[in-house]
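**Student:** Taken in order, these protein sequences are the chains called A and B. Numbered by the UniProt record's numbering, the letters in the first sequence go through residues 1 to 324 in order. Numbered by the UniProt record's numbering, the letters in the second sequence go through residues 1 to 301 in order.
Be a bit skeptical, because a hint or two may be false.
Unchecked claim - Quick list of in silico lysine-lysine cross-link-like pairs, DSSO-like style, CA-CA up to 30 Å:
#1 B:K134 / B:K191
#2 B:K189 / A:K319
#3 B:K124 / B:K134
#4 A:K319 / B:K124
#5 A:K205 / A:K223
#6 A:K205 / B:K30
#7 B:K207 / A:K319
By construction, these hints were calculated from the structure, which means they are not laboratory data.
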Amino acid sequence: MSNLFRAADATSGISGPPSMAEYAADRIFRSIAIASAFIIILLVAYILWEIGQKAMPAVAEYGLGFITGTTWNVSKGEFSVLPEIWGTLYSSLLALLLGGVFGISIAIFLTQDFIHHRMATIFRTVVEMLAAIPSVVYGLWGIYVLIPLLKPLAGWLHDTLGWFPLFGTDLAGPGMAPAALVLAIMILPTVAAISVDAFRRIPYKVKEAAYGMGTTRWEAILKVMLPTASSGILAALVLGFGRALGETMALAMLIGNSNQISMSLFSPANTLASLLASNFPEAGQVEVQALMYAALVLLAITFLVNVAGLAIQQYTVRKFEGKK
Amino acid sequence: MSEIDLTAHPKDSFLQPQLDYQALEPRALKSGFLTGLTWIAAVLAAIPLFSVIYMLLAQGGTRLFGADVVEVLTGLPPAGFEVGGGIGPAIVGTLVMVGIASAISVPLGILAAIYLGVLDATSKLATTARFLAKVLTGFPSILAGVFVYAVIVIHWGYSALAGGIALAVLMLPTVVLAAEEAMAQVPQKMKDAAYGMGCTQTEVIWKVVLPTGLPGILTGVMLAVAGAAGESAPLLFTALFSNYFISELAEPTASLSILIYNFSGMPFENQIELAWTASLVLVLIVLTFNILARLVGRPKV
């Protein structure tokens, strides 16, 4: 017995106080790690400062009229982005409506024992793959599959229900409807994943208690599970909305880049992000300043939406897991 | 003792749950109806994915799996009415720029995650950095392009380096958050054992935390790489495009995603076919990294 203890004696083991070199290495490495964490903060600050500073000349020149005006005319030097703001919000709201309904349905489908959990894993992989497909590929798909598919339907809707503002124009090619549909597909995985997370946080006891009272599956879902998960689902919707606002390439390819404000689902429109994408590469110095201002507007909108979404999400985590 | 009459007043005792229902009762019908709707929603949501995959294979597969596969993968993009051609420069360009982005964001991200996850998880600096990293994940990718344009392109022109840096801005938060999560899951006992033997914090990190958290960190890195490879908006006016193979980092560079964007609107059959081929190649690259992420991240027990 005593031999066993002697074997682990400090002189023959690997334990021991750190040497001076180890202390020094520790100091240096830790400083590097702290500096790296600082870089994240500096990066965000630098992004805000740089875009803000480059936009300043345009902010000074166009002021608030930039946000309320409706023309973008390079040769006349008139720049304003109300149609783009409208297009950004309208397309994102439409996408949120569709992607939200489907995303939450899928979250319920995956978490409320509709299918065997192995099947649920496979299905979750399918949804995650939707998120993995690049934006440009969706754009290409939209141009060659979705728009030809929507055209007859849009034509029919316009002919029969043309008096209704949503169907006020015909779909000539790119337009709001295909853009919003593709956007909905793109935010669906975000909404579904965060909602699944919200449902998972509900203790199993809660569901058992509901079933124990004799509820049907949907009574349990609608009256117990959904209200309990509501804040998490709200976070999912807000973060999905944030993603939709900033999405660029698919929209630049599908929305038609037309500077107009229309309620119609089938008329071409424009968004802030696709304005940047399509005008930036060939812009002159004055237009670049105006585009920087547009970028600043987009930055402000998405920043607010994302911070709101994250705050709601953190509130949800705290509600179920106590203070963190 | 009092006798409980179970048949007398079921309605009086509101505490008694109603445990039986028939299949044709309204609420059972409602439940069945909603279940049906959910199934339909789930199937509908899967349709776009299968449609995209079908189109990729049908339109892009003919070239990629055909006889002239070498020309497609190594050739230069065709001009106007030219026949044939390939997407070689774009493949190389995408790989080079993703490589640059990884070289910047992976070490930086892991170091920051070490601070956030191990050194001082609850400090002001850590909570602020974590929150900003989360805000950055929801940052529109085109703004990364605008930022790099303002900082680099205005002074030094379009280049592969600028494109890589724009992608690095987008990869950084993903790497940081995933690596932090992975390192936070290393059991405290293991760290305590190392500290008990006289290790410094640095030694604990290098010998215990990093090796143990490696699968999770790699998963995050792979997912970030997959995301960056598919990005196009930040490359649009940082790397621009080029019809030739990249020869130095300081010149405009082609990428698969911009090639798809440029070719998608062209009125030529050949270019559109190549856009589909490039899409298939891009999706294959992205999926490869996604699958790798799953494989390395799988628990080993």
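**Student:** Would you mind marking each hint as holding or not holding in the structure?
**Tutor:** Against the structure, the hints come out as follows:
1. B:K134 / B:K191: holds (27 Å)
2. B:K189 / A:K319: holds (28 Å)
3. B:K124 / B:K134: The hint holds at about 15 Å.
4. A:K319 / B:K124: holds (22 Å)
5. A:K205 / A:K223: With Cα atoms ~15 Å apart, K205 of chain A and K223 of chain A stay inside 30 Å; holds.
6. A:K205 / B:K30: Measuring from Cα to Cα gives roughly 24 Å; hence the hint holds.
7. B:K207 / A:K319: Since the Cα atoms of K207 of chain B and K319 of chain A sit roughly 36 Å apart, the hinted pair is violated (cutoff 30 Å).
Of the numbered hints given earlier, the model fails hint 7 alone.
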